[in-house]
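Visitor: From just these sequences and the hints, can you work out the full model?
Just so you know, the sequences run in chain order A and B.
Anchor point for the first sequence: position 79 equals 79 in my numbering, and the numbering is continuous, going up by one each time.
Anchor point for the second sequence: position 96 equals 1096 in my numbering, and the numbering is continuous, going up by one each time.
Derived from the structure by calculation, the hints contain no laboratory data.
Possibly wrong hints are sitting among the right ones.
[What the hints assert, rightly or not] Here are the simulated DSS-like pairs of lysine-lysine, each with C-alpha atoms no more than 27 Å apart in a straight line:
(1) A:K125 - B:K1091
(2) B:K1087 - A:K125
(3) A:K87 - B:K1125
(4) A:K153 - B:K1138
(5) A:K128 - B:K1087
(6) A:K153 - B:K1153
(7) B:K1101 - A:K153
(8) B:K1128 - A:K91
(9) A:K91 - B:K1122
(10) B:K1101 - A:K102
(11) B:K1122 - A:K2
(12) A:K122 - B:K1091
(13) B:K1110 - A:K2
(14) A:K125 - A:K138
(15) A:K138 - B:K1153
(16) B:K1002 - A:K128
(17) A:K122 - B:K1087
(18) A:K101 - A:K87
(19) B:K1087 - A:K138
(20) B:K1101 - A:K87
(21) A:K2 - B:K1125
Okay, here's what each chain looks like letter by letter:
2 protein chains.
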Amino acid sequence: MKLAEAKQQFVASWGAFGTHWGINRTMAQIHALLLVSPNPLGAEDIMEQLNISRGNANMNIRELIDWALVERVIIPGERKEFFTAEKDIWKVVRQIVRERKKRELDPMLKLLGHLSEVEGDKRDKEVKTFTDAINNIKRVGEQADRTLETLIKADENWFLGSLMKIFKTS
Amino acid sequence: MKLAEAKQQFVASWGAFGTHWGINRTMAQIHALLLVSPNPLGAEDIMEQLNISRGNANMNIRELIDWALVERVIIPGERKEFFTAEKDIWKVVRQIVRERKKRELDPMLKLLGHLSEVEGDKRDKEVKTFTDAINNIKRVGEQADRTLETLIKADENWFLGSLMKIFKTS
DNA sequence: ACAAACTTTCAAATTATTCTGAAAATTCAA
DNA sequence: TTGAATTTTCAGAATAATTTGAAAGTTTGT
Chain A
1 MKLAEAKQQF
11 VASWGAFGTH
21 WGINRTMAQI
31 HALLLVSPNP
41 LGAEDIMEQL
51 NISRGNANMN
61 IRELIDWALV
71 ERVIIPGERK
81 EFFTAEKDIW
91 KVVRQIVRER
101 KKRELDPMLK
111 LLGHLSEVEG
121 DKRDKEVKTF
131 TDAINNIKRV
141 GEQADRTLET
151 LIKADENWFL
161 GSLMKIFKTS
Chain B
1001 MKLAEAKQQF
1011 VASWGAFGTH
1021 WGINRTMAQI
1031 HALLLVSPNP
1041 LGAEDIMEQL
1051 NISRGNANMN
1061 IRELIDWALV
1071 ERVIIPGERK
1081 EFFTAEKDIW
1091 KVVRQIVRER
1101 KKRELDPMLK
1111 LLGHLSEVEG
1121 DKRDKEVKTF
1131 TDAINNIKRV
1141 GEQADRTLET
1151 LIKADENWFL
1161 GSLMKIFKTS
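Guide: What follows is the structure, given as structure tokens:
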């Protein structure tokens, strides 16, 4: 397979993959494109390679910067901005986990805390089922919270080395 | 907070939560509703409580059954079908992980295997950057694959007990 | 201060997804 | 076998998300 074709396919697949995870297709495609580009790209390059408008490119690049997956690069002597993606995939994963935890898991746990304080007789089956469900979800959520927190703080070697061994031997 | 209100809020939030994870709002709401319902519900109940059409209810219930998160229940003496959700949240998590791994991670790893065989001179910076990126993603993906596989097979006590200790002390 | 180069914004258009509701199909008791 | 109860299907409607492109805004060299 030729490089151009492989790149094409990777960008397309990464885009499709993203849509299953609540990430907009173009954003994922820009990220993919930057991941496999040795040099920083300008907005023009991105627009051209993905066939998207200036506004679309701008908006999604900013979103990627907001997620800290992409950063602006100033190239001396050039007027315009360039963009580059973090190439260390473990950093990328940790960054995504960190952001999604903050944006989604934390608020959810807060809500569950509220909901577990529903008033009512616990001998009422309706009430019991509700509080049981909420408390179970809360427990699992809190466990996920701790696990993800550890993952976020873990460095690559620790994760690839120790965790793997731990999982394998248990 | 009253039960009815709390239920309401839980169903709504679970629905919103789902949309961030590529799950359609109604499907997540039906799941939430069944999670907090002590008894199996009929299609009518679901339609009524969520204010949705028969077609919508039917489609999303079937999707939930397809994911093995909900199952049909036959109540003796009743003509129509009832539905109930798995209440053990760890089972639910494992089931979701199992399905998404099968539907998304496995195909992605297969594709990455293909793409890593791109032809070209490795001293070409373009080629090197591409294969490096693909191989890095592949490695991380394979690690995730192993970890998730272990999680799928793990029983609740093992996960809540050992893993937590392991993470805490490392 | 000027103006060319570049970036950002956002209303409107496009595209994708979800939902409805009525008709068709199926099931089942009698 | 019949027909009432129930489920399924799916074309079109409604809604939501994404994208465009041109105008407004900003930056920078002279």
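Visitor: Determine for every hint whether it applies to the structure shown.
Guide: Status of the hints after comparison with the structure:
1. A:K125 - B:K1091: 22 Å, holds
2. B:K1087 - A:K125: 14 Å, holds
3. A:K87 - B:K1125: 14 Å, holds
4. A:K153 - B:K1138: This hinted pair holds, its Cα atoms lying about 22 Å apart.
5. A:K128 - B:K1087: Holds, because 13 Å separates the two Cα atoms, which is no more than 27 Å.
6. A:K153 - B:K1153: Distance of about 25 Å is within 27 Å: holds.
7. B:K1101 - A:K153: At roughly 24 Å apart (the allowed maximum being 27 Å), A:K153 and B:K1101 satisfy the hint.
8. B:K1128 - A:K91: 20 Å, holds
9. A:K91 - B:K1122: 25 Å, holds
10. B:K1101 - A:K102: 24 Å, holds
11. B:K1122 - A:K2: 13 Å, holds
12. A:K122 - B:K1091: This hinted pair holds, its Cα atoms lying about 25 Å apart.
13. B:K1110 - A:K2: 18 Å, holds
14. A:K125 - A:K138: It holds: about 20 Å lies between the C-alpha atoms, which stays within 27 Å.
15. A:K138 - B:K1153: 22 Å, holds
16. B:K1002 - A:K128: Holds - the C-alpha atoms of A:K128 and B:K1002 are around 13 Å apart, at most 27 Å.
17. A:K122 - B:K1087: The hint holds at about 18 Å.
18. A:K101 - A:K87: 22 Å, holds
19. B:K1087 - A:K138: 13 Å, holds
20. B:K1101 - A:K87: 24 Å, holds
21. A:K2 - B:K1125: 15 Å, holds
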